[in-house]
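There are 2 protein chains.
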Amino acid sequence: MNYKIRSLREKMKLIDIDGMIVTNPVNIRYLTGTNAEGMFLITNKENVLITDARYIEEVNNNITIGDEIIVYDGISVSEDDYLGFFSECSKIGIEENYVTYAKYQNYVRKFRLKETVETNNLIENMRMIKDDDEISKIRKACEITDNCFRYLQDFIKVGMTEKEIALEIEKYFIKNGADGVAFETIVASGENSSKPHAVPTDRKIESKDIIVIDFGAKYKGYCSDMTRTIFVGEVDEETKNLYNFILGCQTRATSKIKDNAEGKLIAKSLESEFNNRNHTMIHALGHGVGLDVHEIPILSTRSCFTLKENMVVTNEPGIYLPGKLGIRIEDTILVNKMTSEVLTKSDKKLIVI
Amino acid sequence: MNYKIRSLREKMKLIDIDGMIVTNPVNIRYLTGTNAEGMFLITNKENVLITDARYIEEVNNNITIGDEIIVYDGISVSEDDYLGFFSECSKIGIEENYVTYAKYQNYVRKFRLKETVETNNLIENMRMIKDDDEISKIRKACEITDNCFRYLQDFIKVGMTEKEIALEIEKYFIKNGADGVAFETIVASGENSSKPHAVPTDRKIESKDIIVIDFGAKYKGYCSDMTRTIFVGEVDEETKNLYNFILGCQTRATSKIKDNAEGKLIAKSLESEFNNRNHTMIHALGHGVGLDVHEIPILSTRSCFTLKENMVVTNEPGIYLPGKLGIRIEDTILVNKMTSEVLTKSDKKLIVI
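Chains as they are written, first to last, in my numbering: chain Z, 1 to 353; chain S, 1 to 353.
Next comes chain Z alone, as it looks inside the complex (with noise of 0.2 Å):
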């Protein structure tokens, strides 16, 4: 069995369960290696994949032996059959984060399932610590991601959209061995810069703009993000302040980053800069990736999560005043013992193209 299920079922012991329905596809990913929709049911007699047609092939190119799975398609799967799965198990774990409202009732009747029990992130919560092979992936997505940073400083001009230019991003991660965009690029300029979640428009860059560009590439499934704020032409002297002051409680986060360091008290103590200066911190300091670009642990003055090695986060102050502007830096951070690596290492000083 690969070492991911064994340490599930360590823990699903722990919290006292002996079966559990996996069906988010992340999950699926990160215990079976193969990228199908389906369910993933651990029983006390075995690890069952029920996929569909779409996916077998697939399937049956990525699990080997030693994963011990059993794969079924699930239109060979009758009614008896689901009722066996979990026969002798008395307490089934659920993804209660995942498993819709409807879903979970039609598993109650489909398995006939004698008591659930909410596992709690229970299989995100091992996501949370990479091994070496997925930090492996991560380090080459924040390769590719600060490349194509070095390359953007010489494409932008004047007159483009910024439409093209996200669109020259997922281009470069692809022609360089990306398997594309971790997630949907935001390039905001001008006064589209102070939303947070701007989409790409028809917007023209022109001269004196700011751009922020919040991007990353995800390789062989596993994601990076970063954010740079960059300047067009020249940049006034209060910009440049509130850059500075930006980059300044950026680095400052960074530093106190490493194993055992709680999320909540990096968060709440560049709250207090922002606030000394009446400024509001209006999204968290950061979340977690790996498969997903957006998991926990979450790094904000409402969540309590203790960072530990291995874990990889982002560190992302942003400030955002409607209508004039937005800047937000980003970094894609490992967790170390005594420190942290910053794995995206494109330069932070303010740059002006």
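I should point out that these hints are in silico values taken from the structure, not numbers from a laboratory. Just so you know, these numbers come straight off a predicted model, no measurement behind them. Hints may contain errors.
Because identical chains share one entry, a pair is satisfied inside a single copy or across any pair of copies.
[Stated by the list, open to error] Quick list of in silico lysine-lysine cross-link-like pairs, DSSO-like style, CA-CA up to 30 Å:
no., residue 1, residue 2
1, Lys-349, Lys-268
2, Lys-308, Lys-157
3, Lys-171, Lys-308
4, Lys-268, Lys-175
5, Lys-103, Lys-204
6, Lys-324, Lys-220
7, Lys-110, Lys-268
8, Lys-204, Lys-175
9, Lys-171, Lys-157
10, Lys-103, Lys-268
11, Lys-91, Lys-103
12, Lys-218, Lys-204
13, Lys-137, Lys-204
14, Lys-204, Lys-171
15, Lys-220, Lys-175
Put chain S on the given structure of chain Z with help from the hints.
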């Protein structure tokens, strides 16, 4: 109040609920015309949209007084406010196919809900029937897709990779006024074509290849969905026969699509045609298209939907011989009273490039 919310309120009365919690962002967009994550609450007093700082600017730009929607930034909503929203409602509808089991439990606590009612895709059912504005957006998305297909027939050359072609499609869409792709483009060449869910790879197009291209644009939020299977250089007789068989199936299915036709019967008659030739239909015949690229109705032998005027659905029979080849032909189709209109108008005769 806008007509969609008014119409929803009437349907709520019919199923005897006097409140509803809407969190599916696509449903929020449908009802409010804005692109925001959060909660849209319909109570017996008012319509309330609770979102967060990331979306406030977007929301304020899109919601008009005529919509009669009260907008809150979630951060300013207290626990008491939550208790108040549904205090005078007795039965609250939920989106049981969207809300997770954990969120459901949370809503029950947070709003102190007396009784929740599964709404059985109430809003998704409304979304099946498109209004003139929605149809004109889907029509435009289809037109961009058709133009792109014409462009591709010149663009695709031996030696290009599947990924390059997929990216060129996205680039074309964006250059030509689309929001972007409606879903991840499939470009599956050679033996990859036998995977109905293929992801574009670095495989280079070769002479004698078959290429399945499944793609669609999104225009002002609305999707198109089209598949064409084309051939490089030459095509053998056996494959030509198979192509013409699928084309015949697709054409016959289209001729049956009209107001009051049963999706299941159309799919069943195609299944018989497949089975008569010892082939298997491994996926549904089609699905609704709108704000989501996959929405109800589903046209398959296992679903029961009666087609109605102004539904927009796909018709996409496909055949897959693992390790050898795949052929799929798909159109986006508007259901009319006595007939249907194929909105994706690209040629379906066998194309050799």
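Comparing the hints with the structure gives:
For the identical chains of this complex, Lys-349 and Lys-268 are intra-copy neighbours only, at 25 Å inside a copy versus 64 Å across copies, given an alpha-carbon limit of 30 Å. Proximity of Lys-308 and Lys-157 under a CA criterion of 30 Å is satisfied in neither setting, with 42 Å inside one chain copy and 50 Å between copies. Proximity of Lys-171 to Lys-308 under the C-alpha cut-off of 30 Å is found in neither arrangement, the shortest distances being 35 Å within a copy and 41 Å between copies. For the homomeric pair Lys-268 and Lys-175, neither the shortest alpha-carbon distance inside one copy (41 Å) nor that between copies (43 Å) is at most 30 Å.
In this assembly of identical chains, Lys-103 and Lys-204 lie within 30 Å of each other by CA distance neither inside one copy nor across copies; the values are 46 Å within and 41 Å between. Within a single copy, Lys-324 and Lys-220 get their C-alpha atoms only as close as 38 Å, which misses the 30 Å cut-off; across copies the closest is 25 Å, which meets it. Taking the shortest alpha-carbon separations for Lys-110 and Lys-268, only the inter-copy value of 26 Å comes in at or below 30 Å, while the best intra-copy value is 46 Å. In the homo-oligomer, the alpha carbons of Lys-204 and Lys-175 lie at most 30 Å apart both inside one protomer (25 Å) and across protomers (13 Å), since each shortest distance falls under that limit.
In the homo-oligomer, the alpha carbons of Lys-171 and Lys-157 lie at most 30 Å apart both inside one protomer (17 Å) and across protomers (18 Å), since each shortest distance falls under that limit. Taking CA atoms no more than 30 Å apart as the test, Lys-103 paired with Lys-268 passes between copies only; the shortest distance there is 27 Å, against 38 Å inside one copy. When the C-alpha separation of Lys-91 and Lys-103 is checked against a cutoff of 30 Å, the pair qualifies both within a copy, at 18 Å, and between copies, at 21 Å. In this assembly of identical chains, Lys-218 and Lys-204 lie within 30 Å of each other by CA distance both inside one copy and across copies; the values are 27 Å within and 21 Å between.
Proximity of Lys-137 to Lys-204 under the C-alpha cut-off of 30 Å is restricted to the inter-copy arrangement: shortest distance 24 Å between copies versus 35 Å within a copy. Taking the closest pair of Cα atoms, Lys-204 and Lys-171 come within 30 Å of each other both inside a single copy (19 Å) and across two copies (17 Å). Taking identical chains as interchangeable, the C-alpha atoms of Lys-220 and Lys-175 lie at most 30 Å apart whether they share a chain (14 Å) or sit on different chains (29 Å).
When held up to the earlier numbered hints, the structure conflicts with 2, 3, 4, 5 and fits the remainder.
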